[in-house]
Amino acid sequence: PYGKHAFRFYFPFMAILNLLSGSFMTMFAASHSPSMILTIAFLVTFVSMISMMVRRFRDIKVSPLWTLPVFLLFYFVIYIVAIVLCFKDSKYDE
619 PYGKHAFRFY
629 FPFMAILNLL
639 SGSFMTMFAA
649 SHSPSMILTI
659 AFLVTFVSMI
669 SMMVRRFRDI
679 KVSPLWTLPV
689 FLLFYFVIYI
699 VAIVLCFKDS
709 KYDE
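Numbering of the sequence shown is given in this note's numbering, commencing with residue 619 and proceeding in unit increments.
Rather than coming from a laboratory, the hints here were simulated on the basis of the structure. Careful, some of the hints might be misleading.
Beta-carbon label-pair distances, calculated as ranges [as the list claims (entries may be wrong)]: (1) Arg-673 x Asp-707: 36 to 46 Å; (2) Pro-652 x Arg-673: 30 to 40 Å; (3) Tyr-628 x Leu-686: 18 to 28 Å.
We treat Cβ as the ideally placed atom computed from N, Cα and C, and that holds for glycine.
Modelling step: build the complete structure from the supplied sequences, incorporating the hints.
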């Protein structure tokens, strides 16, 4: 089920998997096996996301060169939101 409608499901799933594998990749640096598995997962999801973005840009007749700035902007926004949520005061903090 590839196509424009599948993009709505697969892209967020790949983005979450990519962020998690990229984040945990450094945690298991001492142990070789989990680090290697997470590195492979990170690279596979990264290539899949770029591939999906290039296909969707071609579908809407936009240059695929826009993939890199949009991809970087996407991750910039995700990391900023994560940082803001980490430092946000909770009503339970006292």
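(message) Looking only at beta-carbon atoms, does the pair Pro-652, Arg-673 fall within the given range of 30 to 40 Å?
(response) holds (32 Å)
(message) Between the beta carbons of Tyr-628 and Leu-686, is the distance compatible with 18 to 28 Å?
(response) Distance hint for Tyr-628, Leu-686 holds at roughly 20 Å.
(request) Determine whether the Cβ-Cβ distance between Arg-673 and Asp-707 falls within the hinted range of 36 to 46 Å. (result) Since Arg-673 and Asp-707 have Cβ atoms about 42 Å apart, the given range 36 to 46 Å holds.
The earlier numbered hints are all upheld by this structure, with none contradicted.
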